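J.: The lines below spell out each chain.
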Amino acid sequence: MTSVDARAAEISEQLVRQLAGLGGLQVRDGGATRGAVTVRMLPETLEEATQALAGKASIRLADMFGDNGGDAPTLRLVWALDQGYLLTETEIEDGQYPPLSDVAPAAFVEECEIYEQFGIRPATGKPLNRLMLPPHAGPDFPRLGHRPDQPPEETHAPHTVGGQAFEFPFGPVRQVGVESLYYGLVTSGEEVVDVYLFSWHKHRGVERRLRGLTPGEAIFFAERAEGLSAVAVGWAFAAAVEAALDVTPPPAADRTRAVALELERLYNHAAAMAALCQATGLTVGQSAAEIALERLLRVNTAAFGHRYLFGVIEPGGTARAPDAAVLRRDLPAAYGELRRAADALLSTNSFVDRLEACGILTAEQARRLGLVGPVARATGLAVDARLNGGPYAEHQLAIVTADGGDVLARLQVMLGEAAESARLIGEFLEAGTAAERTSLPSGGGRGLGWAESSRGEVLAWVALDEDGRITRARLRPGSVRNWRGFDDACRSQNVFTDIPIIEASFWLTAAGLAR
Amino acid sequence: MPLWFIRGLRRGVVTTRYPARRDDSAACLPTPPAFRPRQLTIQAADRMVAVCPSAALSRRDDILVFDVGACTACGKCAAVAPDAVAQSEDFELATTARSALIKKIPIRGGER
Chain A
1 MTSVDARAAE ISEQLVRQLA GLGGLQVRDG GATRGAVTVR MLPETLEEAT QALAGKASIR
61 LADMFGDNGG DAPTLRLVWA LDQGYLLTET EIEDGQYPPL SDVAPAAFVE ECEIYEQFGI
121 RPATGKPLNR LMLPPHAGPD FPRLGHRPDQ PPEETHAPHT VGGQAFEFPF GPVRQVGVES
181 LYYGLVTSGE EVVDVYLFSW HKHRGVERRL RGLTPGEAIF FAERAEGLSA VAVGWAFAAA
241 VEAALDVTPP PAADRTRAVA LELERLYNHA AAMAALCQAT GLTVGQSAAE IALERLLRVN
301 TAAFGHRYLF GVIEPGGTAR APDAAVLRRD LPAAYGELRR AADALLSTNS FVDRLEACGI
361 LTAEQARRLG LVGPVARATG LAVDARLNGG PYAEHQLAIV TADGGDVLAR LQVMLGEAAE
421 SARLIGEFLE AGTAAERTSL PSGGGRGLGW AESSRGEVLA WVALDEDGRI TRARLRPGSV
481 RNWRGFDDAC RSQNVFTDIP IIEASFWLTA AGLAR
Chain B
516 MPLWFIRGLR RGVVTTRYPA RRDDSAACLP TPPAFRPRQL TIQAADRMVA VCPSAALSRR
576 DDILVFDVGA CTACGKCAAV APDAVAQSED FELATTARSA LIKKIPIRGG ER
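First to last, the protein sequences are chains A and B.
First residue of the first sequence? That's 1 in this note's numbering, and the numbers climb one at a time after it.
First residue of the second sequence? That's 516 in this note's numbering, and the numbers climb one at a time after it.
Quick caveat, the hints were computed from the structure, so don't treat them as lab data.
Just so it is clear, the structure is predicted and the values come from calculations on it, not from any experiment.
Backbone N, C-alpha and C define an ideal beta-carbon position, used for all residues, glycine too.
Just so you know, not all the hints are guaranteed correct.
[Said to hold, decoys possible] Between beta-carbon pairs, the in silico distance windows are:
1. A:R437 with B:S603: 23 to 29 Å
2. A:R329 with B:T531: 17 to 23 Å
3. B:R525 with A:F141: 32 to 38 Å
4. A:S188 with B:A615: 49 to 55 Å
5. B:T531 with A:S188: 35 to 41 Å
6. B:G527 with A:E154: 49 to 55 Å
7. B:F606 with A:G205: 50 to 56 Å
8. A:T248 with B:A541: 49 to 55 Å
9. B:A615 with A:H201: 24 to 30 Å
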């Protein structure tokens with residue numbers, strides 16, 4: 001989605017006026033990113049500006065990434081406002097920038113990623129972890145920019161912590177979870193002292209692969225950056241391209257995208273519920289949730305011709321339209337299956353007891369770490385990219401939140417959202433859907449796009465050259481934000497056996513992080 | 516827990532009869548392409564190779580090499596050479612040897 005209403009523009013203007021007081025600021029028109037207010041900042045004012053923005057409760061650091069397009073690497077920060085986005089860009093000439101994660105902790109993962117890919121780093125010289133590239137990544141290893149002078153630190157906790165705790169690897173091949181994951185787990189025996197995810201084993205270099213492709217070619221890879229969010233990432237990417245080229249997809253195509261996105265949310269939430277049952281050892285409940293999941297995937301197949309909804313989105317519009325009659329006929333029964341399983345689970349005390357007070361995150365933690373999706377909403381934060389407009393602007397969208405911040409709150413948010421998705425799909429079908437497309441004009445530009453996946457806000461930033469080929473594409477699935485909250489949730493007075501439960505309630509992907 | 520036991524029994528068997536009986540839902544799914552050698556030309560083969568996003572197709576002289584294991588059934592080859600490609604409707608692709616997934620399709624359509 002790319003549309004932002006007048007109020008969002010007003011908020012952005014206020015912020016820009018405030019930032020202007022710092023000096024060294026220039027609001028860009030020519031060459032700016034469409035879909036967001038773009039502000040160019042000098043490195044000297046970046047830290048102060050970050051402090052000013054991160055200190056506001058209504059503003060969240062949504063993404064940070066590097067770009068090698070200019071004379072020097074450019075650092076871009078995307079700030080999510082109540083509605084819409086503000087983007088700052090700063091050229092980094094001496095290879096160092098202010099330590100932004102000291103004032104906005106949400107930036108640390110990106111600081112590590114930018115160091116590995118572009119060789120620029122925060123000026124304090126603090127250790128940056130290995131995140132994306134494997135230890136054997138030598139000088140010729142493909143990356144987006146320059147190789148860092150020194151290799152990143154290996155992510156390891158001390159093998160003994162205070163003489164009591166020890167660390168051991170968990171994975172990458174293990175029983176729970178649909179993807180192979182590899183954690184480093186620090187424990188004193190039963191309690192989780194620390195947990196961290198190794199993701200470089202699975203890095204695929206998708207963003208690098210997109211360079212030089214046309215948007216029509218690139219959408220295939222964008223969808224696969226996080227396959228379980230194919231529609232959301234595809235939509236965000238397509239929206240970024242559309243913003244860059246200043247085109248608007250037909251309204252019926254936008255509604256088609258929304259139908260696919262809500263179907264994606266439904267099956268993901270059903271899968272998370274099945275995983276929660278598996279993690280709590282409730283086998284019959286798991287089967288009940290998986291029956292609902294399979295029915296939802298079959299609805300996807302019948303409506304769009306693909307179980308995981310690949311190939312629906314294309315830049316400018318959609319390649320497929322849903323079979324509305326099939327959706328109206330089959331979706332209520334499939335959703336009913338999910339609802340019955342959920343109702344039975346929520347009336348099972350032994351199940352609910354395992355979820356309560358497990359993996360707690362507070363609203364302050366969620367805000368500080370820039371968490372998104374059901375994980376953030378379960379702490380009471382009404383963070384949802386669908387509020388930014390697009391086809392959702394014409395429909396009443398109820399944002400489901402909870403206050404507990406624990407696994408149960410996350411499940412309740414997911415179930416509330418599933419009900420909302422089923423209702424919204426009916427409304428979008430009523431309003432009309434179609435496989436339509438606006439032709440993309442030739443020429444270049446830069447654009448920001450977004451969508452709300454079942455895991456939370458997805459962002460995409462795209463720069464196209466005059467031939468319409470991608471010079472830099474940034475894809476930021478929701479998982480990238482929420483993995484940084486996973487270790488906090490695991491540490492909150494939990495034991496080993498809570499980890500699979502917390503993991504299921506986050507329902508993240510390793511692929512989204514290791515894209 | 517007894518309630519869940521009873522609930523499970525009452526729900527009964529929900530799995531399909533596959534492979535004894537074909538699963539109807541498979542009819543809507545995309546399948547890897549089946550090539551028609553007589554309609555396949557060098558130009559069509561090159562067009563398909565160029566658009567294949569997963570590099571499942573390559574051409575060696577007058578042979579189109581198709582790696583079924585790399586195919587995602589995206590349908591882009593059929594879009595650029597509709598006469599030479601149809602859906603295989605084949606899901607049973609498993610083999611015991613990786614090499615058995617590499618198909619060599621003769622290009623018999625001649626240059627047009």
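J.: Does 49 to 55 Å hold as the CB distance between S188 (chain A) and A615 (chain B), or does it fail?
T.: holds (51 Å)
J.: Note whether the CB distance of T531 (chain B) and S188 (chain A) lies within 35 to 41 Å or breaks it.
T.: violated (48 Å)
J.: Just to be sure I understand the hint, the distance between the Cβ atoms of A615 (chain B) and H201 (chain A) should be within 24 to 30 Å; is that true here?
T.: The hinted range 24 to 30 Å holds for A615 (chain B) and H201 (chain A), with Cβ atoms some 28 Å apart.
J.: Range first: 32 to 38 Å. Now tell me if the beta carbons of R525 (chain B) and F141 (chain A) are that far apart.
T.: violated (57 Å)
J.: When you take the CB atoms of G527 (chain B) and E154 (chain A), is the distance between them in 49 to 55 Å?
T.: holds (52 Å)
J.: Return holds or violated for the Cβ distance of R329 (chain A) and T531 (chain B) against the range 17 to 23 Å.
T.: Once the Cβ atoms are compared, 20 Å apart, the range 17 to 23 Å for T531 (chain B) and R329 (chain A) holds.
J.: Note whether the CB distance of R437 (chain A) and S603 (chain B) lies within 23 to 29 Å or breaks it.
T.: At roughly 28 Å between Cβ atoms, S603 (chain B) and R437 (chain A) fall inside 23 to 29 Å, so the hint holds.
J.: Do the beta carbons of T248 (chain A) and A541 (chain B) sit within 49 to 55 Å of each other?
T.: violated (37 Å)
J.: At the C-beta level, are F606 (chain B) and G205 (chain A) separated by a distance inside 50 to 56 Å?
T.: violated (30 Å)
Going through the hint list in order, the structure does not satisfy hints 3, 5, 7, 8.
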